[in-house]
Structure formats: structure tokens, C-alpha cells
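Residue numbering for the sequence shown follows our numbering, beginning at 3 and increasing consecutively.
Treat the hints with care, since some could be wrong.
Cut-off 20 Å, straight-line C-alpha distance, at most; resulting in silico cross-link-like pairs (EDC-like, lysine to aspartate or glutamate) [what the hints assert, rightly or not]: (1) 130 / 5; (2) 130 / 63; (3) 130 / 84; (4) 130 / 79.
So the derived label-pair ranges between C-beta atoms look like this [claimed, not checked]: (5) 104 / 77: 40 to 46 Å; (6) 27 / 4: 17 to 23 Å; (7) 81 / 102: 42 to 48 Å.
Hints listed in this document are in silico derivations from the structure and should not be mistaken for laboratory results.
Beta carbons: idealized from backbone N, C-alpha and C, even for Gly.
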Amino acid sequence: MIDAFLARPLTARVATDGPTVRPTWYLWEDGAFWILSGPWSRLPGLVRARPRIALTVDVCELATGEVVQVLARGEAELRPFDVARGRRKLVRYLGGDEGRWDPRFREYLHGDVEAVWIHLRPSRLVMKDLSYEAGFPGGRA
3 MIDAFLARPL TARVATDGPT VRPTWYLWED GAFWILSGPW SRLPGLVRAR
53 PRIALTVDVC ELATGEVVQV LARGEAELRP FDVARGRRKL VRYLGGDEGR
103 WDPRFREYLH GDVEAVWIHL RPSRLVMKDL SYEAGFPGGR A
């Protein structure tokens, strides 16, 4: 169930020790989060200085009553960027036609932008399903 939820193109919120929180797209593969970053962001420097991070991925759909959250934390590390994984991540959010992508996303894949991965294999990973039956005032009947 957790793999299916994290396979959806949702937004994670990453907190670094400091604290600072930022929304980010992610790729969930083989039990780890992969977050694309680079010199355009302070995130790699923050992770390098203090690698302990936490993140949450959640949905709250009032129309359907779906309320689900995944909470993760652990020691992150910076890893070299690879185009194949970068493409998998961007396709999940932007679709398969690179020609329709904003030019900066194509540049992440094919340019020399010093992109890196922030890799988190969580030491703690929890999923909470707080969903309710929609249509009833105050939640479940």
C-alpha cells in the first residue's frame, strides 16, 4: 500500500535540521526517496552540513474524503546525478513528451547544471490513513 501511494506524482515536504521546510517533487524507488537539486537551491548545502532530514507526502481530498500521509526521516546523502533516473522523475510529473516541458527541466537532464540527487533511505517510514466517508458533516457517519 505504501509503494502504491508513493508511486503517485505527489509533492513531498522536506525539513532539514535548522529547521527549514520546502515542497519538492521526488522519486520513490527501491525504498528510498530521490530529490533532484543543484546549485540553484540551498538544499544540497543544508544536507551536506546536517544530513538528518524529515519529509512528509500527503493528500487531503475533501471531495472524496481521502486523507493519507507518509512520514519519513533519516540521514540523507548527496549522490551524483544520472540522466536515466532524472528522466523517470520528471516524466512522472511532466509526462513523457520532453518537447512540452519547460526548458529548465530539459536543461536538468541534458545540460551542465551541476544537478545532484538528495537520497534518503528512511530509518523511519510511517503511513497514516485518516480518510473518511465524504458527504457527511464532520466526517464518518
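These are the hints, each one checked on the structure:
{"no.": "1", "hint": "130 / 5", "result": "holds, 13 Å"}
{"no.": "2", "hint": "130 / 63", "result": "holds, 15 Å"}
{"no.": "3", "hint": "130 / 84", "result": "violated, 32 Å"}
{"no.": "4", "hint": "130 / 79", "result": "violated, 26 Å"}
{"no.": "5", "hint": "104 / 77: 40 to 46 Å", "result": "violated, 32 Å"}
{"no.": "6", "hint": "27 / 4: 17 to 23 Å", "result": "holds, 18 Å"}
{"no.": "7", "hint": "81 / 102: 42 to 48 Å", "result": "violated, 28 Å"}
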